[in-house]
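Start from chain R and add chain C according to the hints.
There are 2 protein chains.
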Amino acid sequence: MSKKISIAIDAMGGDNSPDKTIEGVKIFIDKNKTSDDFIINIFGKEDLIIEKLKKYKINSSAINIIDSQKVVSDEETPMTAVKNSKNTSMWNCIQHQLEGKSDISLSAGNTGVLLVISRMILKMMNEVSKPALAGLWPNKNGMNVVLDLGANIECNEQNLVDFAELGSALFKSLFPNDKPKVSLLNVGSEEIKGTEMLKAASKKLRDLSSEDNFIYKGYIEGNNIMSGNSNVIITDGFTGNIALKTAEGTAKFITKNLKESLTTISLIFSFFSLKKFKDKLDPRKYNGAIFLGLNGPVVKSHGGIDSMGFYYSINLCYKIVKGNLMTEIKKNLKHSKSG
Amino acid sequence: MSKKISIAIDAMGGDNSPDKTIEGVKIFIDKNKTSDDFIINIFGKEDLIIEKLKKYKINSSAINIIDSQKVVSDEETPMTAVKNSKNTSMWNCIQHQLEGKSDISLSAGNTGVLLVISRMILKMMNEVSKPALAGLWPNKNGMNVVLDLGANIECNEQNLVDFAELGSALFKSLFPNDKPKVSLLNVGSEEIKGTEMLKAASKKLRDLSSEDNFIYKGYIEGNNIMSGNSNVIITDGFTGNIALKTAEGTAKFITKNLKESLTTISLIFSFFSLKKFKDKLDPRKYNGAIFLGLNGPVVKSHGGIDSMGFYYSINLCYKIVKGNLMTEIKKNLKHSKSG
Chain R
156 MSKKISIAID AMGGDNSPDK TIEGVKIFID KNKTSDDFII NIFGKEDLII EKLKKYKINS
216 SAINIIDSQK VVSDEETPMT AVKNSKNTSM WNCIQHQLEG KSDISLSAGN TGVLLVISRM
276 ILKMMNEVSK PALAGLWPNK NGMNVVLDLG ANIECNEQNL VDFAELGSAL FKSLFPNDKP
336 KVSLLNVGSE EIKGTEMLKA ASKKLRDLSS EDNFIYKGYI EGNNIMSGNS NVIITDGFTG
396 NIALKTAEGT AKFITKNLKE SLTTISLIFS FFSLKKFKDK LDPRKYNGAI FLGLNGPVVK
456 SHGGIDSMGF YYSINLCYKI VKGNLMTEIK KNLKHSKSG
Chain C
156 MSKKISIAID AMGGDNSPDK TIEGVKIFID KNKTSDDFII NIFGKEDLII EKLKKYKINS
216 SAINIIDSQK VVSDEETPMT AVKNSKNTSM WNCIQHQLEG KSDISLSAGN TGVLLVISRM
276 ILKMMNEVSK PALAGLWPNK NGMNVVLDLG ANIECNEQNL VDFAELGSAL FKSLFPNDKP
336 KVSLLNVGSE EIKGTEMLKA ASKKLRDLSS EDNFIYKGYI EGNNIMSGNS NVIITDGFTG
396 NIALKTAEGT AKFITKNLKE SLTTISLIFS FFSLKKFKDK LDPRKYNGAI FLGLNGPVVK
456 SHGGIDSMGF YYSINLCYKI VKGNLMTEIK KNLKHSKSG
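If you read the protein sequences in the order shown, they are chains R and C. Following our numbering, the numbering of the first sequence begins with 156 at its first residue and continues without gaps. Following our numbering, the numbering of the second sequence begins with 156 at its first residue and continues without gaps.
Chain R on its own, in the form it takes in the complex (with noise of 0.2 Å):
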């Protein structure tokens, strides 16, 4: 029998939490029935936990609770996170990871002491210059690996070049059907655009492109992000924060006037096209921010999200070690140092 793929949740995190988080546990175990392959180490307040447990109806052997009385609250800053979260059910979560016990934590709670915490405890990986925070994104063919998403404003080309490895091993970790096609994000598509910086990863990269790791695919405009046509898109965390939040923005404001536009007489006529549109770009779809160069996935879902949404960061968590995730990013790594 192979090792079950074990997943540590920080069942505190976020707004309604532990309602929302154990709520998504639930979704997770009702479509997972058949399967027997996992663990779900759920950490945080042991009485609120089962209490939780009962209202939905969980009764499963593949959870295992782990009294965690502390919670970090939405007020730490990173600068005091390692002093004042120790034993938080956060801080257990990535210990418990340290330990073997688990290959992936999963935080609905705060974004910098979950970066801050993670990178302390589990450590940088020696062959990376600096860890990044990958999201998912769709593109007109399916999803696109987007990093940095912000956990470094300031990145030289060596950062990027490191993003590129990374974040091409989670993409066949999730996706071992494609392959990862990378692309730096810049102001324009011809060679001469964008920073020296730019320039230097680009060349780079296309020094490293291989059927084996990544097709390096050049540059990519803002527009076409979500063409289809490169599915690894590379940029700083200050750009790629800004275009991700841009675009959320974007969404939101068309959908918003979208719903004021119509009648109810329309509504009702377009009720059933409308919601396969909605299904098609619900932002729960792709919850779940992974940090990656660590010697461990750390996954963060979305704060304000609801069960549904954190049940699709879980099944994020399962695909990424199901995919083996570590040992595609070795195998990058290694790659990109030798090349």
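With the C-beta cut set under 10 Å, the calculated list includes, among others, these residues of chain R facing chain C:
#1 295
#2 377
#3 396
#4 397
#5 403
#6 413
#7 415
Far from chain R, by Cβ distances over 10 Å, these chain C residues were calculated:
#8 208
#9 211
#10 220
#11 251
#12 331
#13 359
#14 450
Here are the simulated DSBU-like pairs of lysine-lysine, each with C-alpha atoms no more than 35 Å apart in a straight line:
#15 C:435 <-> C:209
#16 R:359 <-> C:407
#17 C:433 <-> R:336
#18 R:414 <-> C:440
#19 R:407 <-> C:372
#20 C:372 <-> R:238
#21 C:336 <-> R:414
#22 R:159 <-> R:209
#23 R:348 <-> C:435
#24 R:285 <-> C:407
#25 C:241 <-> R:354
#26 C:348 <-> R:295
#27 R:159 <-> R:210
#28 C:414 <-> R:431
#29 C:354 <-> R:348
#30 R:477 <-> C:411
#31 C:359 <-> R:348
#32 C:348 <-> R:359
#33 C:358 <-> R:238
#34 R:492 <-> R:285
#35 C:431 <-> C:372
#36 R:411 <-> C:430
#37 C:372 <-> R:411
#38 C:414 <-> R:435
Just so you know, the hints here were simulated from the structure itself, not pulled from any lab data. A virtual CB, placed ideally from N, CA and C, is assigned to each residue, including glycine.
Below, chain C alone, put in the same frame as chain R:
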């Protein structure tokens, strides 16, 4: 009688020109039948322009043709532009403006060449550290001015402060009944977020904030660009270009998916409400990037836009001059230097 608003139009730039540019002029003249406060100077191949004026049945004393047989090619790069673009229709527009015969120039041609020759002929204002490209971007309550959209991929704090003064002046000239509210685009809204350069720019803007020029509202994140709380969004040209194009790409992706989701029957029933929705978000209404910081404004129309979109950029030119942009800019820069 006060001086007429004089607009120089490069009729030859962009796809499907001069048909689109001349038809755009036709729409502008039809919509302004009752006013006689403008002159349109059309630059291009005279015989061709006369032919198109006939084709679109334009017979107006407000039109003045200036023969320019040479045209800037799409393949021209900014490097070779100065040598090769002399006496083209684009060049002659800017030259006409320098000589005080036009107040503003408009072209749908090669962007790089337009920026280079505008800067060379009109020259930078003494008080400005770098010129910038500004654009209009819809928000919940009306319209944002956003800059820089790509003229400067690397900026320092003084550049951003200058952009705030230029952008606020543009906002005041376009929307005289509204107050400019400036925000700096950043990865978070807290004081501690962002690069040292952004923090320094933020401090300067806070010191310059005043009822007369602009109110500084602090940092803004990408998802709040369209919230309407600010209306002058300041960023470097790299980030601004990527944010704008990402928003365009997202809008296109969503409307395309919406169209594909709607069945024929729901399309019929939602036709009118969808038309209202499309009208409000019609990208042609935001056509035209304004080059600010030179001794005179220059407007770049999207090359691929149609005649209606080109009309909107002519109308933008008209409103900019009518709103006394250059006077507003000088007032703001004086404030900035003495502040």
